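Protein chains in written order, with the UniProt record's numbering: chain A, 1 to 204; chain B, 1 to 204; chain C, 1 to 204; chain D, 1 to 204.
Among the hints, erroneous ones may be present.
Which copy? The list can't say, so a pair holds if one copy fits it or any two copies do.
Said to hold, decoys possible - Pairs of lysine to aspartate or glutamate, EDC-like flavour, derived with a Cα cap of 20 Å:
#1 Lys121 <-> Asp139
#2 Lys121 <-> Asp152
#3 Lys121 <-> Asp141
#4 Lys121 <-> Asp156
#5 Lys121 <-> Asp134
Since the hints were made in silico from the structure, they are not lab data. What you are looking at is a predicted structure, and each value in this text was computed from that prediction instead of being measured.
This is what each chain is made of:
Protein chains: 4
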Amino acid sequence: MSIPAEAAAAIVAAGRRMDALGWVPATAGNISVRLGPDRIAITRSGRHKGMLEAGDVMAVDAAGAAIEPGARPSYETLLHCGIYRRFPGAGAVLHGHSVANTVLSRRAGDAIRLAGYELLKVFPGGPTHETAVDLPVLDNDQDIARLQAALDALWDATPEPPPGYLIRGHGVYVWGPGMDAAMARLEALEFMLLCHLEEGRPMR
Amino acid sequence: MSIPAEAAAAIVAAGRRMDALGWVPATAGNISVRLGPDRIAITRSGRHKGMLEAGDVMAVDAAGAAIEPGARPSYETLLHCGIYRRFPGAGAVLHGHSVANTVLSRRAGDAIRLAGYELLKVFPGGPTHETAVDLPVLDNDQDIARLQAALDALWDATPEPPPGYLIRGHGVYVWGPGMDAAMARLEALEFMLLCHLEEGRPMR
Amino acid sequence: MSIPAEAAAAIVAAGRRMDALGWVPATAGNISVRLGPDRIAITRSGRHKGMLEAGDVMAVDAAGAAIEPGARPSYETLLHCGIYRRFPGAGAVLHGHSVANTVLSRRAGDAIRLAGYELLKVFPGGPTHETAVDLPVLDNDQDIARLQAALDALWDATPEPPPGYLIRGHGVYVWGPGMDAAMARLEALEFMLLCHLEEGRPMR
Amino acid sequence: MSIPAEAAAAIVAAGRRMDALGWVPATAGNISVRLGPDRIAITRSGRHKGMLEAGDVMAVDAAGAAIEPGARPSYETLLHCGIYRRFPGAGAVLHGHSVANTVLSRRAGDAIRLAGYELLKVFPGGPTHETAVDLPVLDNDQDIARLQAALDALWDATPEPPPGYLIRGHGVYVWGPGMDAAMARLEALEFMLLCHLEEGRPMR
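Same shape as in the complex, but just chain A:
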């Protein structure tokens, strides 16, 4: 299956931006776009996200299986699938490793509370600087299916989960209706985490 040029271009551009911001060191990070009910465009395994080309994007089905025989999607494809399955409004997913999200997730308990920031308005549901968003932090796990099960259990127990979460020592996942919205949420989130880190606040 060939990837629509617009979807591939959005993924390539997102990779360049994340690289310019220092959020995809080495071959870290991955990026996807929902193409339809059973199709997701996602970055292949092992590529540097700042040097993507259109051919580095491949298609998987809703269960994360490659459409093109033998193609190898990102190791964490199931986490993308888990987001698209749970949140019908999600159209794009970004995963990055920043120094701020890595250091804070290593230091945090099971959530990081973001409060008092004007930038909270970028998140859905109308938060302002007078409200707070609790960003979940999950323990890292090399068993991705088990990690996704932990996320599903968390979302089952949370009425309106925010469109993002951290994995300890690993990185952030953020999503939105399209790539622009997902990137705006990622930029807002990383900005607030950087402020948090600068403030050196205890995590609980």
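Chains B, C and D: place on chain A using the hints.
Only chains B, C and D this time, still in chain A's reference frame:
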């Protein structure tokens, strides 16, 4: 009303520069230029300031109302209008969210004192490293008209207010006779705030 | 001997990337690629690595002697030769000076333990966030042959040394089967060191 | 007098690089090249150094007077002249404001000792990581002639002064035989100051 090409180009270039410096994450920030006694060119609502095009700039009157029917200006247009109304010499206004201005404004009382910096010379009125500038810090408020009223009260009580202020957890506003001067003041201010942050000095 | 265009291009591109990331200030750093059993392409002495051109790359033999009479290779060529001699799988070597690797190596004892990071997976031998990598730190020495002897002694005593080490107050050496892998390892390593630095953890 | 194209190009390129590295905020910094026994090419007053064009460079004589009637050289031209007068080998001078040099000079006494860094080798006279360089720190002074007199007194009392000094809360001056060497020394110096700042060491 069409925007003069020079004004639109100055706003687009300012957005790119602020983005390169990390001061307009997500859709944060906004930028304007005074076009005439009752006309202001300002960024539309919700665009990423690092990816502006000329069409992302629109015109409002001195009260902040869109000239073009149905166009939606930046949410904080009234703060731009408040500056142009109070300071006849203001020709351009920049608003950005940096980590330094966010973290320091959250920590500060009602002002941050900048002293001992050669860069103070960029501000009007002849300050040098031997004088000081008190940069006002206001509490954030989602009611922009009320926030502007607080600013007017502050300016009424201040003989020669500096060409800038902070909003707590939100960002900085800076202005100048034209875009180059406004940007120079913003760069100088952000530089001094970064030094302040690095020094970790108690705010009062 | 002329350098294959692909090898020179890989070295030039690596220099630009390291400069963009702030890892080759002044004329610091050097970069090499193995061309064959007795040939290495390496940067000439004294060039800025962010402004390399193809002509700034020269050939040396396995003992570090210039092939082209009178050409002057990087002062630390013997350290590159030492890596290629010891590790048959090494195809590219990167040396850089970052603030993180400089400050941490000055503070560390004889190793820095990296643990709990997803990015450890970039290293060979299958480490995960549940294992640890001890990155050796050697004292700096202007006598490069003596420094290489210390490295050989260390590697003799270490069953499976990681593909990198630090020299105190000086910088990092990292290698991989080719330039892309070497750069991925360098980016992963610098990222983890930056996290380490941010965490301000005592070094032992 | 027209400026040789090569000299203007070197100054423009140096300004862009210093801006990319964050060392010339607002209209800060200035850059010069020695053209002959009584001629210096230097940046005009008030331009942003990251946006220089060839026309932003002008000529002054050895006493700092503009050759072209009415042209206004940088406010700190006399400090450039002072360097060229004292050091016959100086061919290019760079002045920048970094966060590191500003914060450290505010905290320091009359010198900052740099020791243990491999990058010390970029300085003349053969320093290594085993020796030390004392970088002078002078109090800021809006009277530039008086500031230069303090420098001359310091240099009279110092057998082999390093090719650079700091002005408190103001910035760094560095020079070299040509622009490349001056820039290499500036990059090395700023790198070591950044390490110093990160180490948070008391200044004396």
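In rising order, the numbers of the hints this structure does not comply with = 2 and 4
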